[in-house]
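Visitor: Required output: the full structure, derived from the provided sequences and hints.
Read off the chains here:
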Amino acid sequence: MSDPAAADPSLEKARALAAAGQWRLTWRRFRRHRLAVVCGVVILMFYSVVAFAEFFAVSDATRPSAQLSLIPPQEIHWFDNGAWSPHVYRVVRKRDANMQLVYTPDPAAKIQVSFFARGFEWRLFGVFPTDRHLIGVSGADAGKTLFLLGTDVQGRDLWSRMVFATRASLTVGLIGVTLSLTLGVLLGGISGLYGGVVDDTIQRVIEVVRSVPTIPLWMGLAAAVPRDWSVTQVYFAITIIISLVSWTELARVVRGRFLALREEDFIVSAELDGCSKLRIIFAHMVPSFLSHIIAVTTLTLPVMVLSETALSFLGLGLRPPAISWGVLLQAAQNVQAVAITPWLLFPAVPVIVAVLAFNFFGDGLRDAADPYARA
Amino acid sequence: MLPYLARRLMLAVMTCVFISIATFTIIQLPPGDYITSYVANMAASGSTMTNQEAEVLRRQYGLDEPMPVQYLRWMALVVQGDFGRSMEWNRPVYDVIGERMLLTFVVSAAAVLTTWLLALPIGIYTAVRQHSVADYVFTLLGFIGLAVPSFLIALVLMYLGFRYLGTSVGGLFSPAYAEAPWSWARVGDLAWHLPLPALILGLGSTAQVMRVMRANLLDELRKPYLVTALARGMPMWRAILKYPVRVALNPFVSTVGYILPYVVSGSVIVSLVLGLPTVGPVLFKSLVAQDLFLAGTIVLMLGVLTVVGTFLSDLLLIAIDPRIRLGGSR
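Those sequence lines, one after another, are chains X and D.
The numbering of the first sequence is my numbering, which starts it at 1 and goes up by one.
The numbering of the second sequence is my numbering, which starts it at 1001 and goes up by one.
By construction, these hints were calculated from the structure, which means they are not laboratory data.
Small disclaimer: the values here were computed from a predicted structure and weren't measured.
Some hints could be false.
[Unchecked claim] Here are some, though not all, of the chain X residues that point toward chain D, as calculated from beta-carbon distances under 7 Å:
no.	residue
1	S211
2	P216
3	L221
4	A339
[Unchecked claim] Computed footprint of chain D on chain X; a stretch qualifies when at least three of its residues, placed anywhere within it, have a C-beta under 8 Å from a C-beta of chain D:
no.	segment
5	325-335
6	353-364
Glycine residues also receive a C-beta, built at the ideal position from the N, C-alpha and C atoms.
Guide: This is the structure in structure tokens:
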């Protein structure tokens, strides 16, 4: 109810607050939202995995190996006889009496696990060659011995695959958001600025797009992506398909802001002062709703991530050899399979964590975006 | 009020037409047509079809004509209540999806109902007891419900059911009733299987509706009329349920239009995971096989279902809020 400045005993602080710019105020309010800040850090961590996926991966997770099919997650033993010495047991492959494959850890064969270990070669930012990895084993090929989250049917390390999947899943969201932001701001801005017939037409289009059930629409469009397209082509096609719907929300917000701001005193006075239309838009209007747009954009990201996951899960989105969370979850489609190999459900965890983090972060941003509102 | 209704109705019809055109275009997008994939399938299974035979088939289905002609022909049929023939099933589209459409509607309606039954009381409770432990717990649960896609919930529940109950929890009917004609026993069987898919589908929108309800009610709770009622000794819950809740329900009704497309969309994927006999699985297969009329009809029907839902929620809103009748325009 009360102004934060009034509650503050220090007059000096109050003065600083009164003179603070909009970005300072937004940042101040955002910091108070503890959960949003924590989620912001989580998101940063996710994107560092995107940037340095090879560093976090144990093996390059592309070569199938029938000998390593469906190994359960390994347990890391942190201590050896009371001393710090992380290690895993080598898994031994056997067939039981029913001819079922079983993997048993062999406590006699310890494999040392080390951090910042040497592994397969990769290039930092695609330029600097290095072979360092967050985690690895000494004296053995990590791709054949270390399975933190088990392996998939084709014997590829699930942890490494999840790391690479993060890259695809989260960048689809980013590119998609950029696309829908461009469309949304452009059309929403035109709609709010000109009004009249243009506004009416754009609003009708938005209404129609929003009334089409999204999943069937996406399924139809995704099924139309030719089977023989390359991984990159499919990737961009799916991104475009997903952004086709989400731009409407942004367009609505931008239009609403434009309409509301047009009547504001400071815009009217700028007009009376003889500012050009472009100057009014970019010097006066955009800064005042930019933070709002950023917040809405952040809330659009999780929707994109979920859409990609759902489509790929159905086999209509990204296709192997591309790896995304949805592609990995495809292996968990069959309940009988999951009952025997429950670790195939692991890729659901990053999906849920990422989407939750984006939601809380975006929520905090939205609350903070309007620094002059009285809480 | 009449001009307003006419406007909304016009808009709804126009939207349906747009959806049908969009549907038709989208399904025609992939190169080739159903016959192409049919020939490819035949070749894969060892038999062959001459180009001549393929042409005859194309002519039979009217696939050799330009797209606008095909569209108009199909639309002329649809208006008469005939949705064409499914090429893959070799049966009229109506026979393939008639019952499935009904079941889709039943499942979606049950999901929306579940959403309300959960979201309404929780929304009211968390607003009245703002900042209580229950408020935080429900808000957190709501966020999780919002974040976890329904097909993941379905997967996990199926896994748990399979693991701990030893049964498959999917489907809408017991095997005995799956192919049986409609009877009261079958309806009972459906009612027995319905809650799980309805819950899975409803959870996603519950969070959203709950938050809308909570925010609306919070606004109302601070108003003087409630203070007056309480000051005059009205029991708290009665006062709250009688006045502010009724006002808060108003924007709530308008969200029905938003929930329905969400639920219908979600039902497609959840049906695939849970193996529900709704249109979802058929739509998936028909899209992949480019079964033009079948896929077209399903997308069109789902679109119309949403448009009708939005229209109905508009009507409901007018019935609840007399103020809307005053203005014919937005």
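Visitor: Give a verdict on every hint.
Guide: Evaluation of the provided hints:
With a least beta-carbon distance of about 5 Å to chain D, the hint placing S211 of chain X at the interface is held under the 7 Å criterion. Annotation: P216 of chain X was flagged as interfacial toward chain D, and the flag holds, the nearest CB pair being 5 Å apart, inside 7 Å. The restraint placing L221 of chain X at the interface with chain D holds, with a minimum CB-CB distance near 6 Å, inside the 7 Å limit. For A339 of chain X, the suggested interface contact is upheld, since its CB lies about 5 Å from the closest CB of chain D, less than 7 Å.
Given as covered by chain D, the segment 325-335 of chain X passes the check, having 4 residues with a CB less than 8 Å from a CB of that chain where 3 are the minimum. Counting residues of the segment 353-364 of chain X whose beta carbon lies closer than 8 Å to any beta carbon of chain D gives 4, which meets the minimum of three for the stated coverage.
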